[in-house]
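Novice: As a plain string of letters, each chain reads:
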Amino acid sequence: MATVTLQNIQKRFGAVNVIENLSVDIADGEFVVLVGPSGCGKSTLLRMVAGLEEVSGGEILIGAREVSNLPARDRDIAMVFQNYALYPHMTVEDNMGFALKLKKADPADTAERVKKAAAILGLENLLDRYPRQLSGGQRQRVAMGRAIVRNPQVFLFDEPLSNLDAKLRVVMRSEIKAMHQRIGTTTIYVTHDQIEAMTMADKIVVLHDGNIEQVGAPLELYDRPANLFVAGFIGSPAMNFLEGRIEEGVFRTDKGLILPLPADLSPASAGGRPLVYGIRPEHIRASDQGIQGRATIVEGTGSEIFAKLECGGEQLSCLFRERIDIRFGDTVGVSIDEKRVHLFDKATGQRL
Amino acid sequence: MASVSIETARTETGNKGSKPSRLAPNYWPFVVPALIVIGAVIVFPWVFTLWMSVNSWTLGQEQTFAGLDNYIRLATDFRFWESLWHTLIFTVLAVVAPLFLGTLAALIFDAQFPGRGFLRGVFVMPMMATPVAIALVWTMMFHPQLGVLNYLLSLVGIGPQEWIYNRYSVIPSLVLVETWQWTPLIMLIVLGGLAALPREPYESAEIDGANAWQKFRYLTLPMIAPFLMIGVIIRSIDAIKSFDIIYAMTQGGPGTASETINIYLYNTAFSYYDIGYGSAMAVVFFVIIVALSFALMMVRARANWSDMETR
Amino acid sequence: MERTPVKRPFIKRRTLDRVGLLFAALIMVSPVVLFFLWMISLSLKYEIDNGAYPPILIPENFAWANYVQVFKENNFFLYFWNSVLVTGAATLLALIIGVPAGYGIARLKAEKAAIVIMIARMTPGLSFLIPLFLLFQWLNLLGTLWPQIIIHLVVTVPIVVWIMIGYFETTPMELEEAASIDGATPWQVFRLVALPIAKPGIVVAFILALIFSWNNFVFGIVLASRTTRTLPVAVYNMLSFEQVSWGPLAAAALIVTLPVLVLTLFAQKQIVAGLTAGAVKGG
Chain A
22 MATVTLQNIQ KRFGAVNVIE NLSVDIADGE FVVLVGPSGC GKSTLLRMVA
72 GLEEVSGGEI LIGAREVSNL PARDRDIAMV FQNYALYPHM TVEDNMGFAL
122 KLKKADPADT AERVKKAAAI LGLENLLDRY PRQLSGGQRQ RVAMGRAIVR
172 NPQVFLFDEP LSNLDAKLRV VMRSEIKAMH QRIGTTTIYV THDQIEAMTM
222 ADKIVVLHDG NIEQVGAPLE LYDRPANLFV AGFIGSPAMN FLEGRIEEGV
272 FRTDKGLILP LPADLSPASA GGRPLVYGIR PEHIRASDQG IQGRATIVEG
322 TGSEIFAKLE CGGEQLSCLF RERIDIRFGD TVGVSIDEKR VHLFDKATGQ
372 RL
Chain B
154 MASVSIETAR TETGNKGSKP SRLAPNYWPF VVPALIVIGA VIVFPWVFTL
204 WMSVNSWTLG QEQTFAGLDN YIRLATDFRF WESLWHTLIF TVLAVVAPLF
254 LGTLAALIFD AQFPGRGFLR GVFVMPMMAT PVAIALVWTM MFHPQLGVLN
304 YLLSLVGIGP QEWIYNRYSV IPSLVLVETW QWTPLIMLIV LGGLAALPRE
354 PYESAEIDGA NAWQKFRYLT LPMIAPFLMI GVIIRSIDAI KSFDIIYAMT
404 QGGPGTASET INIYLYNTAF SYYDIGYGSA MAVVFFVIIV ALSFALMMVR
454 ARANWSDMET R
Chain C
202 MERTPVKRPF IKRRTLDRVG LLFAALIMVS PVVLFFLWMI SLSLKYEIDN
252 GAYPPILIPE NFAWANYVQV FKENNFFLYF WNSVLVTGAA TLLALIIGVP
302 AGYGIARLKA EKAAIVIMIA RMTPGLSFLI PLFLLFQWLN LLGTLWPQII
352 IHLVVTVPIV VWIMIGYFET TPMELEEAAS IDGATPWQVF RLVALPIAKP
402 GIVVAFILAL IFSWNNFVFG IVLASRTTRT LPVAVYNMLS FEQVSWGPLA
452 AAALIVTLPV LVLTLFAQKQ IVAGLTAGAV KGG
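Chains as they are written, first to last, in our numbering: chain A, 22 to 373; chain B, 154 to 464; chain C, 202 to 484.
Read the hints as simulated data drawn from the structure, not as lab findings.
Each computed DSS-like pair below joins lysine-lysine, with the alpha-carbon atoms no more than 30 Å apart:
| no. | chain 1 | residue 1 | chain 2 | residue 2 |
| --- | --- | --- | --- | --- |
| 1 | A | Lys136 | A | Lys124 |
| 2 | A | Lys188 | A | Lys224 |
| 3 | A | Lys125 | A | Lys136 |
| 4 | C | Lys400 | A | Lys125 |
| 5 | A | Lys276 | A | Lys367 |
| 6 | A | Lys224 | A | Lys367 |
| 7 | C | Lys400 | A | Lys122 |
| 8 | A | Lys124 | C | Lys400 |
| 9 | A | Lys276 | A | Lys329 |
Restraint ranges, calculated between C-beta atoms of paired labels, are given here:
| no. | chain 1 | residue 1 | chain 2 | residue 2 | range |
| --- | --- | --- | --- | --- | --- |
| 10 | C | Phe467 | B | Thr211 | 46 to 54 Å |
| 11 | C | Val220 | B | Leu308 | 24 to 32 Å |
| 12 | C | Leu340 | B | Gln404 | 28 to 36 Å |
| 13 | A | Arg33 | B | Gly220 | 46 to 54 Å |
| 14 | B | Pro354 | A | Lys188 | 33 to 41 Å |
| 15 | C | Gly289 | B | Thr211 | 35 to 43 Å |
| 16 | B | Glu315 | C | Glu261 | 25 to 33 Å |
| 17 | A | Lys188 | C | Met374 | 24 to 32 Å |
| 18 | C | Lys400 | A | Asn184 | 23 to 31 Å |
| 19 | B | Pro186 | A | Asp127 | 29 to 37 Å |
| 20 | B | Glu315 | C | Phe467 | 34 to 42 Å |
| 21 | B | Leu299 | C | Val269 | 19 to 27 Å |
| 22 | A | Asp244 | B | Pro354 | 53 to 61 Å |
| 23 | B | Thr211 | C | Lys313 | 31 to 39 Å |
Using N, Cα and C, we set each Cβ at its ideal position, and we do this for glycine too.
Required output: the full structure, derived from the provided sequences and hints.
Specialist: Right under this line is the structure:
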């Protein structure tokens, strides 16, 4: 196990800058998730840590070792690929023991370690099978087993769950998390799915266009998104953004809707600049007073009701946890939990 | 298109990057042995032939630099132009006939019927059979008096033919053998195309009331057109350099009636040992083949392109 | 019960279609079958039967002696052995150097190398003969099997490299990346991961190289001497130098091509895969 330090990492493909200048510190034993939309550079970053892709500038340290010039085989890392990359011509046992065999480890010791890893993952009965004889979830476990057996300094995961169906994804999510809690190896996990990031990570790194938007614990990102991108990316359904200004202690949107402001926010600092008012759908409650809106979309899942309301020309997404009776076209009153309001500078996108 | 541009971007970093690639495995050691062999047995002959073609040299005599003399001689060599003409006729016929028959065979073998796999296996056999052995048996079958073909013709009331022994029927007869041998290749290529056809257009055409011929004409044919084009390219290249069958059956005869460039080249270099002149011929032949293949490939690329645009 | 009358004509039509297709397929295949039947017939008939009019398909007395004669009087054991040596050596050498090369070219995305290979495949064999003939003469190799083994590489190496490029291009890169993360050196990645996965491709390349080398005729007529002939040259020489008698000639032709035909029947899947893959790629 080890810390991982990325210092001023740069990556160019030809003339294209994929990553300009990026630094992250990952503590020993931490589970870090790199999350962002496709094309944000997260996979490239992971592949650079793995040694499959060169850095164009900067340094990668695993523990105290500078590894950016080492080939993958010398970095003492393990990686789980999106499509698992199991060796099709080897049994599960051989797949899991391959790295140790390459190190010329004692075969008896290898068998022992494979057996132990198989026990952790519930693969004991599948050791003689070939990958093509396994289900998607089993393959996923073998890929993880292959990583565990080696007892590497760092685990890397490259969107490992995206080939599984929705139900299995939830199961594997908790299995990976449980595995990490059990063996505690430093883990870097790449995904585009913010729910995976929120549920698994100790620390989330939000990437966008090759830059870090915010680094923090999941709830920190949820509660205090540093900018519009993170605010919109984290949380589902996405946060409502309403453009406008602060006037006389309230927020007036460009279309004239008046919205409440938190008491501790001093209007002076916002000084009439164009702002963006952010409120998550789940922080809007049904209420007889407050803002009146007409329901244009109503979707109930049983546990909650999602509705889109049109209020004074603005669209407002709301998520109601309590069972209320709304239909399409109804007029509904809602109130905003002003302690949960986020304000962003429209020009810079940064949180106030 | 996006993937292409990324590809080029990557190769650029590979070639021009400030530092040479440290992490990517070095693949050159895998290639070097083959490069040496290819250099020795393929590239060296190309270069050497080019050099010999500007020399005048008959084996056993003095070798002298001749400049473009050999090429000028070629341009005025009636026998060369004749062989070019024979090559053209032979190639056109030996492309068209297998193309037609092979497509027909592919349509049959694409359907389901008992014994399909076995019969297809039998059908493919001529393509893999040793051409010289095949040619000898065909020679016996073409025999004007004792050959079985004239007997078969007599059964349907056609008089005896002279086949490869007549200067007018020799090329069609050779094409017959070539067609017999190479129709399976077209069949396999088209079969591959048919296997890749999507089902939905046929179902929707059926609902639209198309009959079998209309389905073939408006769905199958346009969709397998790229594969037919591949067939034409491969068959053209093979036919133009066809040697074994022609040499084993007629050696270019009777007279020079079936002498293609390849046969004339062989005779020049290895019967008359006129190395310089033969090399010049080899160079011209090489250029013709490469030019033809690139022309056909460009037609194919453009066909694919227009195909994409209409979609 | 009410459904059957609707269904039955449909089934009937389908059977009819199938019979029609079978019939059409039989017609397509008949030139092939008749040719090989006639070849066998010729090889098993005495001169008298072969000269008979109307021709005889199945003779009263089988002339097995034709086969004995081919081996006894024409040194066919030697030529068969020559063919085995030349084809075997040229194919094995091609695999040893061509499979890694296909891998390297595919991974390097070396388009230029691929184009050289493609042009090599298009170039007529004859145009390699003049320079190499002179080279072998100069090296004083004529009269041994080496010139033929070497020149057969002109056929076998491009086939093997070409098929292997196509094959390695389709094997997923992640497997090799996983192996290198697992600690494999590039050579180990090739030997322990890429090579085993490419086994089907290697089989295809092997079979095609074998067949094309076995069938090759043009190199032999120039480079082979009396003792170094391969089978195709030997059978051709029977035609030119002896009183042409059809029985032994047909028997010899059959002996030459039989190994290939048997291979074709057994390895049909690989041959089809190789030819169509090569075809589509070779374009």
